[in-house]
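Enquirer: Sequence:
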Amino acid sequence: MELRGEDVVELRLNVPMRVVGAVREAGRVDAPYCEVPGAASFEAAGFVVGTPQELNAPVADLADVQYHQPQTLGQILFNWFD
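In terms of the working numbering, the sequence shown opens at residue 73 and continues consecutively.
Everything labelled a hint here was simulated from the structure, so no lab data went into it. Keep in mind that the hints are not guaranteed to be accurate.
Said to hold, decoys possible - Here are the simulated distance ranges between beta carbons:
{"hint": "1", "residue 1": "G110", "residue 2": "Q138", "range": "30 to 38 Å"}
{"hint": "2", "residue 1": "S113", "residue 2": "H140", "range": "30 to 38 Å"}
{"hint": "3", "residue 1": "A98", "residue 2": "Q125", "range": "20 to 28 Å"}
{"hint": "4", "residue 1": "E107", "residue 2": "Q138", "range": "28 to 36 Å"}
The beta-carbon is built from N, C-alpha and C at its ideal position, and this holds for glycine as well.
Given the sequences, and given the hints that come with them, work out the whole structure.
Expert: In structure tokens form, the structure reads like this:
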């Protein structure tokens, strides 16, 4: 598979939960999630591939993450809060 500049994404893995997501803006915690290239390969390895619709969904009121105030499900799944 050939990758061009617009095809390059940062993969975000939550290995204990076996979830993978992707963003186009590397290093940005609040970057919107996009489609995971090669999603079938991750699924074949037992990962759940988060869709942009799922990972960009707003967060419901969760007491455990109130302090950090994440705005999306993806921010919760791919950031281990200190």
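Enquirer: If a hint holds in the structure, say so; if it doesn't, say that too.
Expert: Results for each hint:
| no. | hint | verdict |
| --- | --- | --- |
| 1 | G110 x Q138: 30 to 38 Å | 35 Å, holds |
| 2 | S113 x H140: 30 to 38 Å | 31 Å, holds |
| 3 | A98 x Q125: 20 to 28 Å | 22 Å, holds |
| 4 | E107 x Q138: 28 to 36 Å | 30 Å, holds |
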